[in-house]
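**Student:** The residues making up each chain are set out below.
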Amino acid sequence: MQEPIITLLTDFGERDPYVGAIKGVILSICPQAKIIDLSHDIEKHNIYEGALFLYSMIKYFPKHTIHLVVIDPGVGSKRKSLILQTDNYFLVGPDNGVLSLAPINDKIQKVFEITNSTYFLQPVSDTFHGRDIFAPVAAHLANNRAPEKFGPLIEDWIRIEIPKPRINTAEIHGEIIHIDKFGNLITNIPRDIVQKRDGLQPKYIQIKIRDRELEILLCSSYTQVGIGEFLAIFGSTNFLEISKNQENAADALNIKVQEKVSVKRPFT
Amino acid sequence: MQEPIITLLTDFGERDPYVGAIKGVILSICPQAKIIDLSHDIEKHNIYEGALFLYSMIKYFPKHTIHLVVIDPGVGSKRKSLILQTDNYFLVGPDNGVLSLAPINDKIQKVFEITNSTYFLQPVSDTFHGRDIFAPVAAHLANNRAPEKFGPLIEDWIRIEIPKPRINTAEIHGEIIHIDKFGNLITNIPRDIVQKRDGLQPKYIQIKIRDRELEILLCSSYTQVGIGEFLAIFGSTNFLEISKNQENAADALNIKVQEKVSVKRPFT
Amino acid sequence: MQEPIITLLTDFGERDPYVGAIKGVILSICPQAKIIDLSHDIEKHNIYEGALFLYSMIKYFPKHTIHLVVIDPGVGSKRKSLILQTDNYFLVGPDNGVLSLAPINDKIQKVFEITNSTYFLQPVSDTFHGRDIFAPVAAHLANNRAPEKFGPLIEDWIRIEIPKPRINTAEIHGEIIHIDKFGNLITNIPRDIVQKRDGLQPKYIQIKIRDRELEILLCSSYTQVGIGEFLAIFGSTNFLEISKNQENAADALNIKVQEKVSVKRPFT
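Each protein sequence line maps, in turn, to chains A, B and C.
Here this note's numbering is used: the first residue of the first sequence is 1, the next is one more, and so on.
Here this note's numbering is used: the first residue of the second sequence is 1, the next is one more, and so on.
Here this note's numbering is used: the first residue of the third sequence is 1, the next is one more, and so on.
Think of the hints as simulated: they come from the structure by calculation, not from any bench.
Everything hinted at is true.
Note that the list lumps identical chains together, so a pair holds whenever it fits in one copy or between two copies.
Heads up, simulated DSS-like pairs for lysine-lysine below, C-alpha to C-alpha not over 27 Å straight-line: (1) Lys-181 to Lys-78; (2) Lys-256 to Lys-181; (3) Lys-80 to Lys-181; (4) Lys-78 to Lys-203; (5) Lys-44 to Lys-181; (6) Lys-44 to Lys-59; (7) Lys-203 to Lys-164; (8) Lys-256 to Lys-44.
Chain A on its own, in the form it takes in the complex (with noise of 0.2 Å):
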């Protein structure tokens, strides 16, 4: 029979013994547990980077795969913890948005809050519910037991957006909205208003970022433009980004995330 698939999305870092105390317990529950880690290296504290992560990736997993993450500021407060039931997965969670950009493109059934302490590690402090509330519901998930058995089906729970860009007739303005290891900034601007009116796609696009003007050639590929030069491309989530072949445009432009960006409009 196929292991189930468990993977790890948190922010606690490689130094400390928080994720080796949550794997151990996912499998003293769930010993053919497939444990797959997605990063540990999400920014503290950082709700959106997560949940922006989990969107970009989440459905190249395979059906049934659960998914645990532990980005969670307010453990220990009221805030509910979370089963998201979608077509595909199980997210598992605390409930302050990091698990809701992922089910986008991947119908919710249903929302259970976890309330049913039979299934948590006792004491349950309250400072740490990925080892003793996330991981062992994760676990027992993957050993088949049915979510209804975690507690009530639930329709009030905490969603974060992927900010809209605002269209008007001179402008697309929006925002970058992840840069990576690369420094590629990744803006929220999707392929589908990036086009002419014939709906082509435009050869270069002009953008307007802190202090700089850039007319910049929209490529497929980082290598149609020589080593060094400025480029933009639809990335693998379909947002606009900003890249410099083989360098790091963050860096050049002096950019950090939530950096306002704008695009000439109409594109010609």
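Once you have looked at the hints, place chains B and C on chain A.
**Tutor:** For chains B and C alone, coordinates are given in the frame of chain A:
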């Protein structure tokens, strides 16, 4: 049949090929091993940090887990190589104290010195026993080889200790034994000595650390104080921790590991 | 039946969703794959560092392991995609040299260019062949798909080389090819050219590096000199290394990769 679990804890980092070599050696001997990364980011040569890490999370793993620890500044010297057999686990690593805190809550049954070179990778280097000695021994243990096969029982091996706080009528004198990624300051002061004469937990505690005196709420959750406020809390290993809700207490107080901390007595 | 092993070596870091996407793609095609992280912290775009990493540890893996390497600054250009079939392994990755050092000790049987888009994730991006081409190919190989299925045999592909030291009567002129986390300086000088006329190993060697001349003990273990003393040693890949016992030789000598080093001859 259940796959054997081998955890890895090292100070090798992730940029060098050392961890990869260890994983290859394990899988060559025991292809069905389930290898679980605990951390490879223990500070270089920091035996105490590694020992404390293992102590903090080992109990969450299922019985029969094999824990392989390679923090080994004395590799190639006359230091021994060890198998610790506890009630629940095997621990494999160098005899420098790094294995010695983990069994505090898990009775040691037997300690073996690894001497039987039949099980070593040949030729054995004097620079990388993690690959040439500890990894193959862990993998053979995972193949159900009896620990007696690897060498003689010994009594004399190196133990380190978590320093005990000193208590007088006016103060508890402790120290910071770990600082986590979130900047939480973990002390060596256990829960059972922080109580009032009636055995109850005090509401506030007064601490001195560096040049600061703080009166802080003793909480059960970070969220009982406002964002940015200091709090005291008993963490996942039941030691007193000094934290700042959603901020970094270590940075705010400019604290490093081994900093002294004192807590005022008697508690009121 | 034995689970197939797929190792991952990338320069993606752990904060972005790229490695997670690759793992998801692999498990969707070959759910029983045992995914082993080698490193995701190769320096961005550093083909040589990746090639040397793989060369240093590949031989420790069991026969039939599939090694997936994604260090790919030329993604989307006309560079080929490759499967290298060696006596023991499959190597999958871009044709930029990153795969070419690993087979030095493991005879290459056949090299295939990956062209059969039947096996690709559709649509194939021009920015992320790791996810869209290499991961599915590795997973199909793990499913025992024959390498011939993915494209034609080729002869012409890119090899890089570890630079050879130059030897004259007075000196061996080499360079630093890697610096590890511990600050050990790994040179390109192999063991077999550091010997006396009688074939024995010299006791001391005299090296020049930057503005320093050092006469240092040639050891078999770091602990043969005092803490903080320099030593020379043959490391795990049989290249001469310059180290400082329990300290950082690279920092002490202010050395970066590619620094020249010369060793005095003849050995006495």
